[in-house]
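Using the sequences and the hints, build the whole thing.
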Amino acid sequence: MTTLATTQPEKPAGPTAASLAFAWRSLLKIKHVPEQLGDVIGIPILFTLLFTYLFGGAVSGSTHDYLQFLLPGTLALAVVFVTVYSGVTLNRDLTTGAFDRFRSMPIWRPAPIVGALIGDLGRYLLAAGLVVGLGFLMGYRAHGGVLGVLAAVGLVTVFASALSWAWTSLGLVLRTPTAVMNLGFVILFPVTFLSNVFVDPATMPGWLRHLADANPISHLVTATRALMDGTATGSQVLGVVAMTAAIMLVFAPLTVVLYQRRQ
Amino acid sequence: MMTTAPDLAVHARGLVKTFGDLRAVDGVDIDIPVGSIYGVLGPNGAGKTTTIRMLTTLLRPDAGAARVFGHDVVREAALVRRRISLTGQFASVDEDLTTRENLILLGRLHGHAAGNARRRADELLESFDLADASGRLAGQLSGGMRRRLDIAASIIVRPDLLFLDEPTTGLDPRSRGHVWEVVRSIVAAGTTVLLTTQYLDEADQLADRIAVINHGRVIASGTRGELKASTGAGGVRLRLMDPRQRNRAQAVLADVVGAPAQTDGDPAALRAQIPSDDQARSTGLAVDALSRLAAAGIAVSDFSYGQPSLDEVFLALTGNPVELTEATS
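Keeping their order, the protein sequence lines are chains P and X.
Residue numbers for the first sequence follow the working numbering, beginning at 1 and rising by one.
Residue numbers for the second sequence follow the working numbering, beginning at 264 and rising by one.
For the record, the hints were derived by calculation from the structure and aren't laboratory data.
For clarity, every value in this text was computed on a predicted model and none was experimentally measured.
Glycine included, C-beta positions come from ideal geometry on N, C-alpha and C.
Don't take each hint at face value.
[Claimed, not checked] Quick list of the computed label-pair ranges, beta carbon to beta carbon:
{"id": "1", "chain 1": "P", "residue 1": "V186", "chain 2": "X", "residue 2": "G283", "range": "20 to 30 Å"}
{"id": "2", "chain 1": "X", "residue 1": "G402", "chain 2": "P", "residue 2": "V186", "range": "28 to 38 Å"}
{"id": "3", "chain 1": "X", "residue 1": "A341", "chain 2": "P", "residue 2": "A179", "range": "30 to 40 Å"}
{"id": "4", "chain 1": "X", "residue 1": "G488", "chain 2": "P", "residue 2": "A179", "range": "49 to 59 Å"}
{"id": "5", "chain 1": "P", "residue 1": "T176", "chain 2": "X", "residue 2": "G521", "range": "51 to 61 Å"}
{"id": "6", "chain 1": "P", "residue 1": "K11", "chain 2": "X", "residue 2": "S567", "range": "51 to 61 Å"}
{"id": "7", "chain 1": "X", "residue 1": "E339", "chain 2": "P", "residue 2": "V250", "range": "29 to 39 Å"}
{"id": "8", "chain 1": "X", "residue 1": "T526", "chain 2": "P", "residue 2": "N182", "range": "50 to 60 Å"}
{"id": "9", "chain 1": "P", "residue 1": "V186", "chain 2": "X", "residue 2": "V297", "range": "18 to 28 Å"}
What follows is the structure, given as structure tokens:
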């Protein structure tokens, strides 16, 4: 039996190569277990259809007008919801023998997490594509043109990548994937609804309006709307970029520290 | 500061790991010479896996220290990881990837370029008799195939020290034989192996040295011969023609060998360990026992004499932990 390699690599993969190998692993999982994309596909479609046709008439007088207002919001919302699964997936991975093997290998320690998050970009883009595509089918028109839409999708995806580190931190602290999912949505539901996604905060009572205006999700949605409408200002976009960087700076190191300590 | 002889792959002293109230590993010492197969034998929950997790840098010991090829498993974990490979007790490959993709992924992580990773994967699939299953998801393989994939994944780059945690638990005899063959060929290629097992015959078949572990402690260790000798040079087993004579036969046998004769579920069977290190004297006593039984009018249908099986050693060791201190070398 040949157990000796014909060629031996000189050294293990570096941080970039290892992370990309793990990103490839995430994409393969999507290919082999496509049903795990159910949430990625279901959430955006449900939100867009439900809110447009159910509340559109009541909120804006017509579903068409409401869709123009709502769609950039559901785009941000759908992608933000999908980020929770980064924490769920990591938590599930941690209990497997495969992860023990990875952790006993001479590779950059955070590579499995960084790689998984790179792979998750694919999920975010898929969710974003679904919302935008569905929106166009329902009659949404982007005055910002193709570039505006692409910029909006890009901004939402970058924000989501930073936010997913918050869920990986949670995924390292909580015991089960279900606990990560439940707590994730318990946090996300009030935060996303207390924003300008569904209604203009100007219609809210003063105290609530202040809360909604301060909500990071509102800033993200305002910038996304403006990009898709072609009215975005540099400060709107930069504001979101700064927020994204802040989230990343807190949660990426936290995730790495928690991961190193985890036994 | 602990010093390590250069020819030791593993040198562990006083390893302790506690989970809440449970002392899962309670002061384990292990020395594994380079190039050998070291068997850690013990029942479920004895502390085998926890010991392995400390030696493979996955768990930090609460007390004690261990060196792998001279590198401390806590302070020099990165250096240790360069020399070892771990095949965990449960699926240590990704169930949602195909057999071949698993091997390619690990090949890439080990630093193989894409083409070499694929070549190495195909080479291993061929030699581990997995070529037909290369496109199947690892989660859908049979137990034996899965274990072969687990082990193949551990030798993509030949490790200096391979940890195999219960490599044949739950496998049918044919698959076990296949895994044993694989382990032997890995050692022949120069890898040191630490394997844990619940099966005595597996340790007997494969291991050069064996540590018997129970309740987190090494209760005996040594070569197979040493372990067996620790319960005496030999034992007598016999079956009587007439089970009604067993009480009388038990007394005669105990009197001749100078140790209690034991019974088990078989109403006609008796056995006794001969408490002597001297092989010639021990054999003499066995012969005496046979003639004294004949003289007493007790007919024997089956008689055997020989070294105790590891089974008997294990039962003697774990069943009577108090006597163990003497048996431990």
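Earlier hints that do not hold, by number: 9
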